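Residue numbers (numbering that gives the first Met the number 0), protein chains in the order written: chain A, 0 to 848; chain B, 0 to 121.
Rather than coming from a laboratory, the hints here were simulated on the basis of the structure. Quantities reported herein were computed from a predicted structural model and do not represent experimental measurements.
Below are the DSSO-like pairs computed for lysine-lysine, each with C-alpha atoms no more than 30 angstroms apart in a straight line:
id	chain 1	residue 1	chain 2	residue 2
1	B	20	A	540
2	B	63	A	671
3	A	324	A	166
4	A	540	B	45
5	A	793	A	540
6	B	87	A	740
7	A	559	B	98
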Amino acid sequence: MTSLDSKTQIVVVGNGMVGHHFVEQLHQSDANVEITVLCGESRLAYDRVYLSSFFSGASADDLALTTPAQYAEWGVHVFTNALVTDIDRDNNKVTTSEGQVFSYDKLVLATGSYPFVPPIPGNEQEHCLVYRTIDDLLAIEASAAVSKVGVVVGGGLLGLEAANALKQAGLDTHVVEFAPQLMAVQLDQAGGTVLKDKIEALGVKVHTQKATQAIEAGDTCRYKMVFADGTALETDMILFSAGIRPSDQLGRKSALTLGERGGIVIDNHCVTSDPNIYAVGECALWDNKIFGLVAPGYTMARTAVSHITGGDAEFAGADMSTKLKLMGVEVGSIGDAHERTDGALSYTYLNQPEGVYKKLVVDSEQKHVLGAVLVGDTSDYDTLLQYALNKIELPEHPESLILPSSDAAPALGADALPNTASICSCLNVTKGDIVTAIEGGCCSVADVKGATKASTGCGGCAALLKNVVDNELEKRGVAVSKAICEHFDYTRQELFHIVKVNGIRTFDDLLAQHGEGLGCEICKPAVGSILASVYNDYILKASHLPLQDTNDIYLGNMQKDGTYSVVPRVPGGEITPDKLILLGEVAKEYNLYTKITGGQRIDLFGARVEHLPDIWEKLVAGGFETGHAYAKALRTVKSCVGSTWCRYGVQDSVGTAIDLENRYKGLRAPHKIKFAVSGCTRECAEAQSKDIGVIATEQGWNLYVCGNGGMKPRHADLFATDLDTKTLIKYIDRVLMFYVKTADRLQRTSVWMDNLEGGLAYLQDVVINDALGINAELEAQMDTVVEAYQCEWKTTIENPESRKRFRQFVNSNASDTNIQFVSERGQVRPATEAEKVVGKEQFIPVSVV
Amino acid sequence: MTAVQNRLTPEQAVQWHYVCKTSDLVTNSGVCALVESQQVAIFSLKINGETQIFAISNYDPIGKANVLYRGLLGSIGGAPVVASPLYKEHYFLETGLCKEHDDVSVTTYPVKLEGSNVFVGA
Ligand code: SRM
Ligand SMILES: Cc1cc2nc3c(=O)[nH]c(=O)nc-3n(C[C@H](O)[C@H](O)[C@H](O)COP(=O)(O)OP(=O)(O)OC[C@H]3O[C@@H](n4cnc5c(N)ncnc54)[C@H](O)[C@@H]3O)c2cc1C
Ligand code: SF4
Ligand code: FES
Numbered sequence: 000m001t002s003l004d005s006k007t008q009i010v011v012v013g014n015g016m017v018g019h020h021f022v023e024q025l026h027q028s029d030a031n032v033e034i035t036v037l038c039g040e041s042r043l044a045y046d047r048v049y050l051s052s053f054f055s056g057a058s059a060d061d062l063a064l065t066t067p068a069q070y071a072e073w074g075v076h077v078f079t080n081a082l083v084t085d086i087d088r089d090n091n092k093v094t095t096s097e098g099q100v101f102s103y104d105k106l107v108l109a110t111g112s113y114p115f116v117p118p119i120p121g122n123e124q125e126h127c128l129v130y131r132t133i134d135d136l137l138a139i140e141a142s143a144a145v146s147k148v149g150v151v152v153g154g155g156l157l158g159l160e161a162a163n164a165l166k167q168a169g170l171d172t173h174v175v176e177f178a179p180q181l182m183a184v185q186l187d188q189a190g191g192t193v194l195k196d197k198i199e200a201l202g203v204k205v206h207t208q209k210a211t212q213a214i215e216a217g218d219t220c221r222y223k224m225v226f227a228d229g230t231a232l233e234t235d236m237i238l239f240s241a242g243i244r245p246s247d248q249l250g251r252k253s254a255l256t257l258g259e260r261g262g263i264v265i266d267n268h269c270v271t272s273d274p275n276i277y278a279v280g281e282c283a284l285w286d287n288k289i290f291g292l293v294a295p296g297y298t299m300a301r302t303a304v305s306h307i308t309g310g311d312a313e314f315a316g317a318d319m320s321t322k323l324k325l326m327g328v329e330v331g332s333i334g335d336a337h338e339r340t341d342g343a344l345s346y347t348y349l350n351q352p353e354g355v356y357k358k359l360v361v362d363s364e365q366k367h368v369l370g371a372v373l374v375g376d377t378s379d380y381d382t383l384l385q386y387a388l389n390k391i392e393l394p395e396h397p398e399s400l401i402l403p404s405s406d407a408a409p410a411l412g413a414d415a416l417p418n419t420a421s422i423c424s425c426l427n428v429t430k431g432d433i434v435t436a437i438e439g440g441c442c443s444v445a446d447v448k449g450a451t452k453a454s455t456g457c458g459g460c461a462a463l464l465k466n467v468v469d470n471e472l473e474k475r476g477v478a479v480s481k482a483i484c485e486h487f488d489y490t491r492q493e494l495f496h497i498v499k500v501n502g503i504r505t506f507d508d509l510l511a512q513h514g515e516g517l518g519c520e521i522c523k524p525a526v527g528s529i530l531a532s533v534y535n536d537y538i539l540k541a542s543h544l545p546l547q548d549t550n551d552i553y554l555g556n557m558q559k560d561g562t563y564s565v566v567p568r569v570p571g572g573e574i575t576p577d578k579l580i581l582l583g584e585v586a587k588e589y590n591l592y593t594k595i596t597g598g599q600r601i602d603l604f605g606a607r608v609e610h611l612p613d614i615w616e617k618l619v620a621g622g623f624e625t626g627h628a629y630a631k632a633l634r635t636v637k638s639c640v641g642s643t644w645c646r647y648g649v650q651d652s653v654g655t656a657i658d659l660e661n662r663y664k665g666l667r668a669p670h671k672i673k674f675a676v677s678g679c680t681r682e683c684a685e686a687q688s689k690d691i692g693v694i695a696t697e698q699g700w701n702l703y704v705c706g707n708g709g710m711k712p713r714h715a716d717l718f719a720t721d722l723d724t725k726t727l728i729k730y731i732d733r734v735l736m737f738y739v740k741t742a743d744r745l746q747r748t749s750v751w752m753d754n755l756e757g758g759l760a761y762l763q764d765v766v767i768n769d770a771l772g773i774n775a776e777l778e779a780q781m782d783t784v785v786e787a788y789q790c791e792w793k794t795t796i797e798n799p800e801s802r803k804r805f806r807q808f809v810n811s812n813a814s815d816t817n818i819q820f821v822s823e824r825g826q827v828r829p830a831t832e833a834e835k836v837v838g839k840e841q842f843i844p845v846s847v848v
Numbered sequence: 000m001t002a003v004q005n006r007l008t009p010e011q012a013v014q015w016h017y018v019c020k021t022s023d024l025v026t027n028s029g030v031c032a033l034v035e036s037q038q039v040a041i042f043s044l045k046i047n048g049e050t051q052i053f054a055i056s057n058y059d060p061i062g063k064a065n066v067l068y069r070g071l072l073g074s075i076g077g078a079p080v081v082a083s084p085l086y087k088e089h090y091f092l093e094t095g096l097c098k099e100h101d102d103v104s105v106t107t108y109p110v111k112l113e114g115s116n117v118f119v120g121a
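Please put together the full structure from these sequences, using the hints given.
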């Protein structure tokens with residue numbers, strides 16, 4: 000095909016995602032070709048899939064897939080604003096709107112598609128826009144700036160993305176859909192309903208079954224949309240997202256064969272009815288289908304490159320399954336979502352309160368997955384897709400695949416996938432390709448990514464890729480590194496074991512015997528915490544001090560300006576008036592900002608490092624102890640007022656909370672630990688969001704474990720019911736010590752539980768039935784820690800050497816002049832950089848109100 | 000035995016300031032000294048059994064607070080570093096360069112010992 004003496008001239012029309020992929024692939028093939036790219040837009044190819052990120056801060060440069068310099072380096076000639084208007088097939092020439100003429104040996108049409116705008120009278124007005132290019136985005140941004148209300152016409156995938164963009168731009172946003180449901184292509188009716196509920200809960204109004212008849216001048220807004228059912232909606236701007244149409248005008252003009260409803264017809268090699276012209280991407284029609292996704296377009300591009308360079312790749316259709324997040328709502332659709340296959344059967348799971356809907360479509364023999372719909376939770380997507388694509392035989396109870404965390408759910412291990420399984424559909428990488436890469440020497444996910452390009456497209460396959468790579472490496476006996484840092488080749492759990500078994504008592508000994516280098520801010524505090532969990536020595540002992548995070552060294556949390564917070568323990572949240580008065584006095588004396596915390600105690604902020612010992616001296620004298628707010632340790636045990644006062648209380652929740660807080664205070668752990676105790680089932684202490692939650696019953700206590708608030712809330716699991724107080728404490732001792740021994744560094748109990756093989760049932764078996772035979776040891780370990788408790792602040796202020804650490808300067812009693820305060824609502828707050836007075840002493844005096 | 004980081008060339012004139020006794024330093028940790036109204040963080044590290052002393056500016060240019068002496072010490076590929084207590088960037092004690100940001104660094108200062116007296120050059 001390629002003549003020897005002169006280079007084959009390849010002209011590519013359109014530099015969208017697919018056109019660019021074609022150029023990249025052809026360049027990499029090393030074929031003897033000269034490539035010219037005619038680009039209809041004013042900029043080179045960019046990532047249309049991530050177009051919406053423009054509204055969350057991405058710039059046009061962030062979205063760019065290439066640069067003029069890159070193309071120049073590849074020797075590719077590229078012209079922007081070069082809209083091709085004619086193809087002269089007899090003389091192999093194309094002409095642009097500027098009148099430039101280019102000759103080709105092979106012509107590649109990658110002209111994509113354009114948004115369909117329904118023929119509604121009034122649709123041509125200034126604030127009626129579409130959503131396809133960066134220029135469209137700029138127009139939308141400009142329009143949104145002078146609008147209050149925005150409507151998206153079309154409730155499909157792109158329409159919802161567009162609605163999200165309007166929402167982010169601060170508009171009162173509506174979606175108008177002709178069909179009775181959202182995303183009718185990918186979802187069934189029930190899935191569409193759940194999606195609608197979720198999206199409306201986010202503040203976007205959805206109007207289904209509305210056919211727009213006219214766009215007229217509005218009364219309260221710029222426009223009024225009039226619907227066929229006689230209703231109307233006022234809006235300032237309208238975004239049409241009612242489907243796409245192939246950009247096939249060039250094909251039509253030059254008499255290439257087109258489909259009945261448009262699209263340039265191609266064969267399995269992506270060749271059009273003219274053997275010298277190819278079509279790829281969204282302008283191409285294969286088997287009467289247009290593929291509106293990027294992955295099939297990329298496959299077409301590779302197929303065309305293969306054909307041009309003498310290869311024999313064929314395009315064989317593409318899977319149109321999709322998984323995406325729309326306004327934070329997870330949506331997935333696989334294969335035959337509408338049960339169109341003869342004899343198809345389905346399983347559905349609907350959880351209305353949480354807005355989760357899942358449908359699994361299987362064949363009549365219940366052997367194979369045909370399709371699936373997932374709304375609100377797509378965690379099963381990867382597994383289901385692999386079942387569908389690779390015709391993997393279903394387990395006995397197919398419904399277990401979509402039921403929430405049923406113990407029977409057979410997670411599809413990477414091992415079960417055949418080598419032909421597609422892992423990354425964007426870049427067409429199979430499990431076999433990954434295995435080959437690993438056999439060729441790759442030994443990490445990063446290596447495999449580099450070698451196969453897997454996971455460099457939409458990124459949706461990242462988790463699956465890691466799974467396959469780790470699995471293959473483990474099979475080959477390659478240890479997948481779980482080392483905590485460059486200084487120790489062990490996990491936290493292994494280090495705990497080493498410390499315990501060898502009786503190691505200092506970091507230096509551990510480093511000398513089992514590590515290298517000087518340590519770092521990852522391994523030092525981790526080892527400090529392990530040593531404390533095992534021995535509970537004074538943490539500022541000379542050998543332990545350098546291990547502690549700054550907060551632990553100064554026994555306070557460092558604030559943004561270098562000052563500290565002071566949080567005394569208030570067990571169970573119960574505090575006497577005298578103690579309240581003392582807190583107030585100390586705060587006044589040292590000019591500290593005071594605030595009630597979310598943990599039922601009082602935080603004093605803005606303490607200078609050199610004042611900490613004096614402040615604590617006064618607090619300790621008044622009966623306070625450290626609250627460990629700075630430590631990975633027990634924080635608070637919250638309580639509700641309970642049976643003593645409350646007319647519903649059935650047990651003394653305050654008393655129990657105080658006892659529990661006093662028992663476990665000072666226990667250092669992989670992460671912080673929080674408790675709460677509620678006096679009855681009304682649960683005013685929110686115990687079910689705590690690591691350890693206790694709720695009173697008529698007979699005793701229900702124990703909940705491994706709850707979490709914070710970044711990823713998790714409800715605690717009910718562990719045991721109607722316990723007497725002694726058994727309650729025994730179980731908590733065991734659960735906590737087992738956690739301390741086995742969890743990873745900085746792993747809250749919630750994450751620990753989620754990763755514990757066997758989950759809740761296993762933990763119950765260990766703690767209640769002593770399945771591992773370690774309960775005596777766990778309890779003894781807890782007793783050691785409880786007995787060794789000391790208030791670190793009391794020990795510190797009593798020791799002149801330790802007090803010396805709390806100085807700003809070794810050689811001066813001056814204070815840090817960069818710490819400055821201003822007054823706000825009658826208290827201090829840190830001065831902003833702009834408010835600071837350079838070199839000025841102390842703070843601007845606070846007006847006391 | 001104590002080695003001292005002294006990165007001075009002979010021609011550089013330096014004003015030495017006495018700051019403290021070696022016993023005021025804390026092994027594998029830091030203290031801060033006020034030298035000519037500049038805040039200087041002084042670290043004492045035990046490396047292969049030998050104590051080395053480093054001095055850098057105490058001002059964290061990213062957190063914008065005088066806190067570096069309170070950071071955790073460690074090593075990256077063998078080179079000693081301090082991690083800022085605020086946002087955990089690492090500064091190489093020998094050069095003052097920030098590992099995470101090419102364009103950020105802190106001043107380093109020479110240190111010398113005379114008997115048990117510690118001097119910083121500024
Ligand atoms: C002071 C306080 C906010 C307040 O004004 O109320 C607070 C303040 C801080 N929280 Fe908190 N949290 C406070 C209650 C909470 C709560 C509510 C509770 O305990 O009931 C939560 C959610 C519950 C939970 O943890 O499950 C909470 C979830 C977090 C998290 C996220 C933890 C997670 O697992 O996702 C962090 C970050 C971390 O620990 O890594 C955090 C970290 C922090 C830090 C330490 C951030 C930092 O490094 O500077 C804050 C410093 C406090 C200080 O300087 O004294 N704080 N924090 C509350 C102190 C409670 C106390 O008396 O000790
Ligand atoms: C907001 C949005 C979100 C999307 N999200 C996803 C997603 O999550 N997953 C997914 O798989 N797909 C998604 N898509 C679809 C995906 O972007 C397209 O499948 C892909 O861009 C198609 O590539 P293409 O090169 O065929 O067409 P395009 O990217 O449209 O490129 C065609 C280019 O050709 C130019 N052109 C047209 N006619 C001429 C001419 N006569 N002369 C010169 N140049 C011409 C056009 O100006 C355009 O630049 C999304 C699309 C949009 C708009
Ligand atoms: S929520 Fe964030 S900002 Fe507020 S106290 Fe907690 S950590 Fe600090
Ligand atoms: S599937 Fe899109 S990057 Fe792999």
